[in-house]
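K.L.:
Keeping the supplied structure of chain A fixed, place chain B upon it in accordance with the hints.
Protein sequence lines, in the order shown, are assigned to chains A and B. With the first letter of the first sequence counted as 1, position 58 gets the number 58 in the working numbering; the numbers rise by one all the way through. With the first letter of the second sequence counted as 1, position 1 gets the number 1 in the working numbering; the numbers rise by one all the way through.
Because the hints were derived from the structure by calculation, they are not lab data. Note that the coordinates shown come from a computational prediction; the quantities given were computed from them, not determined experimentally. The reader is advised that the hints may include incorrect statements.
Stated by the list, open to error - Once the Cα atoms are required to be at most 27 Å apart in a straight line, the calculated DSS-like pairs of lysine-lysine come out as:
1. B:Lys56 with A:Lys156
2. B:Lys50 with B:Lys60
3. A:Lys158 with B:Lys30
4. A:Lys83 with A:Lys93
5. B:Lys30 with A:Lys96
6. B:Lys50 with B:Lys88
Stated by the list, open to error - On the chain A side, residues computed to face chain B include the following (Cβ under 7 Å):
7. Ala75
8. Gln80
9. Phe85
10. Ile119
11. Phe140
The beta-carbon is built from N, C-alpha and C at its ideal position, and this holds for glycine as well.
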Amino acid sequence: METMTETNDSQPPKQAEQAKPATSPAAYLMVLLMGVYLGILFSKSEVAHWQRIHDMFLFREAHMYLIIVTAIVVAMFSMQVIKRFQIRSIEGKPIKYSPKPYHTGVVIGGMLFGAGWAITGACPGPIYAQIGGGQWMALFTLVGALLGMFSYAALKPKLPH
Amino acid sequence: MQWLMQPWPWWLSGILIGLTVPLLYLLAGKAFGISTSLQEIGALCSPHSKLEYFSKFDRKANLWTIVFAIGIAIGAFVATQFLSADPKPFLPASMESVSGAIKLLVGGFLIGFGTRYAGGCTSGHSITGIANLNWPSLLATVCFFAGGLAVTWGLGGWLF
Numbered sequence: 001m002e003t004m005t006e007t008n009d010s011q012p013p014k015q016a017e018q019a020k021p022a023t024s025p026a027a028y029l030m031v032l033l034m035g036v037y038l039g040i041l042f043s044k045s046e047v048a049h050w051q052r053i054h055d056m057f058l059f060r061e062a063h064m065y066l067i068i069v070t071a072i073v074v075a076m077f078s079m080q081v082i083k084r085f086q087i088r089s090i091e092g093k094p095i096k097y098s099p100k101p102y103h104t105g106v107v108i109g110g111m112l113f114g115a116g117w118a119i120t121g122a123c124p125g126p127i128y129a130q131i132g133g134g135q136w137m138a139l140f141t142l143v144g145a146l147l148g149m150f151s152y153a154a155l156k157p158k159l160p161h
Numbered sequence: 001m002q003w004l005m006q007p008w009p010w011w012l013s014g015i016l017i018g019l020t021v022p023l024l025y026l027l028a029g030k031a032f033g034i035s036t037s038l039q040e041i042g043a044l045c046s047p048h049s050k051l052e053y054f055s056k057f058d059r060k061a062n063l064w065t066i067v068f069a070i071g072i073a074i075g076a077f078v079a080t081q082f083l084s085a086d087p088k089p090f091l092p093a094s095m096e097s098v099s100g101a102i103k104l105l106v107g108g109f110l111i112g113f114g115t116r117y118a119g120g121c122t123s124g125h126s127i128t129g130i131a132n133l134n135w136p137s138l139l140a141t142v143c144f145f146a147g148g149l150a151v152t153w154g155l156g157g158w159l160f
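If we strip away everything but chain A, and leave its shape as in the complex, we get (with noise of 0.2 Å):
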């Protein structure tokens, strides 16, 4: 049962706070070496390239699909790794994995994205590096995924999940 006393809508709720521990200055900096490094990655690779992207659908190319394999096999060694010997961050923290559980959306979401993904060539990451790359038509698909993105927080409570 909740007790009224001590409410205050004007305070925002604590509980998010204490359960994430806040990003230190250092953390950011490892964020965007890492966003670089990533950048870089997705150029060099071509995964952010559309013709990549419109050949891997086609099946002319193993490239792109090579690619995910190494790189799900190469991170599941390493989430192995870290489980075998409970590496901590290098702020100590535990290294812990919160899976996305299952809904409706997995499937019907999944789907809608793999379609924009074919028709813009790119997926989340590769938008940012297509638009620091210098294609400027990618800042439509970025506008594009935000109006999804609002789109589905307005349709959120409609939507089954």
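P.N.:
Using the frame of chain A, we list chain B on its own:
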């Protein structure tokens, strides 16, 4: 060093992209995923929104996703400007038109709506999720390809 300026082979690209998962955990304590940055932008743009999708979202804890996105853009700039002998455009020339802009806008809409409804994209579901043996992420990935293949083979003649 000549190879550095050419497109990188799939095995090198795959290994280095896969290493993003442990590196991001080890160096910053974050789970690799990019589409949450869209929600963070939405939440920052509408601070007084009554929609639960924004009001219950922890803007502060997820601010790093935008820093990550900015880093990706900087990295792509560096790669295009300094690490490419002959940088290829990311999009086909046919996209630089009104019809191209409409396609990108509609496709982008599907990306934003779809990834947020599915709870992740290629990074959060296909790489991080499958690597952690999370079965809904494997299902999501199958659906990504089902949607992409359906559009490419079903509407390809009309779209491209």
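K.L.:
Which of the numbered hints are not met once you compare them with the structure shown?
P.N.:
3, 6, 8, 9
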